[in-house]
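Colleague: Residue numbers (my numbering), protein chains in the order written: chain C, 539 to 854; chain F, -9 to 305.
Keep in mind that the hints are not guaranteed to be accurate.
What the hints assert, rightly or not - Pulled from the structure, derived: some chain F residues nowhere near chain C, Cβ distances all over 10 Å: (1) A37; (2) E43; (3) G61.
What the hints assert, rightly or not - Listed next, the stretches of chain F that the computed footprint assigns to chain C, with coverage defined by at least 3 CB atoms under 8 Å from CB atoms of chain C: (4) 4 to 12; (5) 129 to 138; (6) 239 to 246; (7) 276 to 290.
Unchecked claim - Residues of chain F clear of chain C, computed beta-carbon distances all greater than 12 Å: (8) R(-7); (9) D66; (10) S83; (11) T121; (12) L165; (13) Q215; (14) W218.
These are calculated hints, taken from the structure and not from any lab test. Ideal placement from N, C-alpha and C gives every residue a C-beta, glycine not left out.
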Amino acid sequence: MIQNTSAARSSFAQISKVINPLTSAFKTPAGRIGLPLVLLHVLLAAFGSFLAPYSPTDFSDATYVKPFTSAVDGAIPHILGTDQFGRDVFSRLLSGARSIILISGIGSILGVALGTAIGMTSGYLGGKADEIIMRIADGLMSFPSLLLALLVLSVSDSLVWLDGISSTFATRKESILVIGTMAIVHAPRVARVLRSATLTIKTQEYVDSARLRGESAYYIIFKEILPNALPVLAVEGSVRFSYAILLASSLGFLGLGVEPPSPDWGAMISDSRSILTRAPWVPLAPAAAVASLVVGVNLLTEGIRDAQKLPTELPE
Amino acid sequence: MLRFLLVRFSLIFITLAVVSLAIFGVTEVLPGDVAEAILGKSRTPGALETLREQMGLDRPAWQRYVEWIFGVLQGDLGNSLVQDRPVTEILGSRLQNSLVLAVTAFLISVPSAILVGVWAGVRQGSNADHTVSVISLVAISLPEFVTGFILIVIFSSTLGWLPSSSLVMPGTSPLARPVILIMPIATMTAVLFGYVMRMTRANVIEALNTNYVRTAILKGLPRWQVIWRHAVPNAMLPTIAVISINVGWMLGGLIIVESVFAYPGLGLSLINAVNRRDLPMLQAISLLIAATYAISNLLADLAYAWLNPRIRISS
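If we strip away everything but chain C, and leave its shape as in the complex, we get (with noise of 0.2 Å):
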């Protein structure tokens, strides 16, 4: 009974670090706005498709409807109109929130799981080992993330021993690509600062006393040096995201990585493009959600940033 109690309340302790970087940068000018903006943009995601008063890819007659009016007297208004082919713009920005919103968070989540394990271990074990591993890291950083995603993509029909994951997880292969080169060009970059990071709280006397104390190198790892990495990691995680949401939706403009019909933020603007004098709404709308999306999630890094009181980072 005790014994649950105390584990109960280590595991609430955990959670309440994990969520402290964000609660403290919700207290910054720039959190105060990126937090919530966000945190909507993940609502509308996980329960959108409850909001979404028409089927995201059903065509109908009622095509080029105007903003907030309805097609006929008496049906729901289309608060974002139709596109060329009849389809509702919100259902559709709805239904694309909840792509790319998984995609890129998967896909970060990922690489910075990866570039953590890989960055605190080369700069826990230093010498050597840590040099050629970031010699690794400089190496993938060379190249352009959009222009790997496109590779792997291109040969993407081939790949037949991906047919069986993603039919596990009930999705395209093109999305477990995307995912896998997130996490792939992530990595390295998520390495070099935990690296860093791990660097400087290696020198810290509680990790020596830790060290004195005979304590394995697994327990310094996560129970010293990873809660105190902390902040750096939501910044990091942060960041990522915003990156991820970038490409993603770069891919989709390009018309890779989803499938015709179905909604994706990026592909919604490049369809548009022959309709654009006579319906500028359809590009806008979803023009105006990854804009707000992006600028949310880089207020939400520079509060976290701010917050925590760490200095600005390179990009990319």
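Mind docking chain F on chain C? Use the hints.
Modeller: Coordinates of chain F only, in the frame set by chain C:
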């Protein structure tokens, strides 16, 4: 300094070797059968057999890699599968077009971003500083295709001032019709400007809080001299690192911007190669982009070393 140069030059070769292996690995080893990858779902057994023979796929991968690399070193990037012409012949003018775009955007955005960054940094906390910060945050948050589309909606479909696509007649230079370059350059400039300006501003603020700047103020130097002779040179070092990192980012942005405006550069060729599974083309462009990136990183490192007496003198 000489030692530093040698180390950096040898690193660039290692990087390019790793990158070429990665390109080859992703495009030829990962798919298993390249002929199948190229033909996609529309393959017939006959076409598959012909293509395999044509590409020499019966030989092991390492042999093909070595042949490819030797060809590249001799300036032979293979033939385009779609156009059946040497890749180098097609890419020459494309590379030029891309460079026109990238270099102009770079020359506009970097100096102006540094000026504005310094200007905002010395006014930290003022309304002007806040305004500039917000604008630059939005600039770096907008993906290039969004910025480009907003520009098209405003200047092309609403005002009708500029053409919405930047087509260039084959055999002519984009500079013959500079009006088509305005929106692509503006789009590329926005992101780069945002990053460089933010970094400059942050570093100027940091430099202004140092002891040597305080000393300079206290010994009665004029304000402009304190800023431009003491604070800015020190703020420039991290900014150069950002600029070099951003060149890679810019090359990625080029792919998007060229697709938005249908501008015939490397990026558009790359997208076409991806869509048509033109493998030699894909490999050549990837290598070209990676090499450009590596070289610009080298240049940035040299600029960094040249500006930083600790590196310039010590080694």
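Colleague: Taking the hints in turn, state whether each one holds.
Modeller: Hints and how they fare:
Listed as a non-interface residue, F/A37 keeps its Cβ farther than 10 Å from every Cβ of chain C; the least gap is roughly 15 Å. At roughly 18 Å from the closest C-beta of chain C, the C-beta of F/E43 stays outside 10 Å, upholding its exclusion from the interface. At roughly 19 Å from the closest C-beta of chain C, the C-beta of F/G61 stays outside 10 Å, upholding its exclusion from the interface. Beta-carbon proximity to chain C at under 8 Å applies to 5 residues in the stretch 4 to 12 of chain F; the threshold of 3 is reached and the given coverage holds.
Proximity of the stretch 129 to 138 of chain F to chain C, defined as three or more residues with a beta carbon under 8 Å from a beta carbon of that chain, is established by the 7 residues found. By the rule of at least three residues with a Cβ nearer than 8 Å to a Cβ of chain C, the coverage given for the stretch 239 to 246 of chain F holds, with 5 such residues. Counting residues of the stretch 276 to 290 of chain F whose beta-carbon sits less than 8 Å from any beta-carbon of chain C gives 6, enough to reach three: the coverage restraint holds. Remark: the non-interface label on F/R(-7) is consistent with the geometry, its nearest Cβ contact in chain C lying 17 Å away (cut-off 12 Å).
Taking the minimum C-beta to C-beta distance to chain C, about 21 Å, the non-interface status of F/D66 holds against the 12 Å cut. Even its closest Cβ contact with chain C, about 21 Å, leaves F/S83 beyond 12 Å, as expected for a residue assigned away from the interface. Every C-beta of chain C lies more than 12 Å from that of F/T121, the closest at about 14 Å, which supports listing it as non-interface. Even its closest Cβ contact with chain C, about 26 Å, leaves F/L165 beyond 12 Å, as expected for a residue assigned away from the interface.
Listed as a non-interface residue, F/Q215 keeps its Cβ farther than 12 Å from every Cβ of chain C; the least gap is roughly 26 Å. A cut-off of 12 Å between C-beta atoms confirms that F/W218 is not in contact with chain C; the least separation is 22 Å.
Comparing the model with each numbered hint stated earlier shows that all of them hold.
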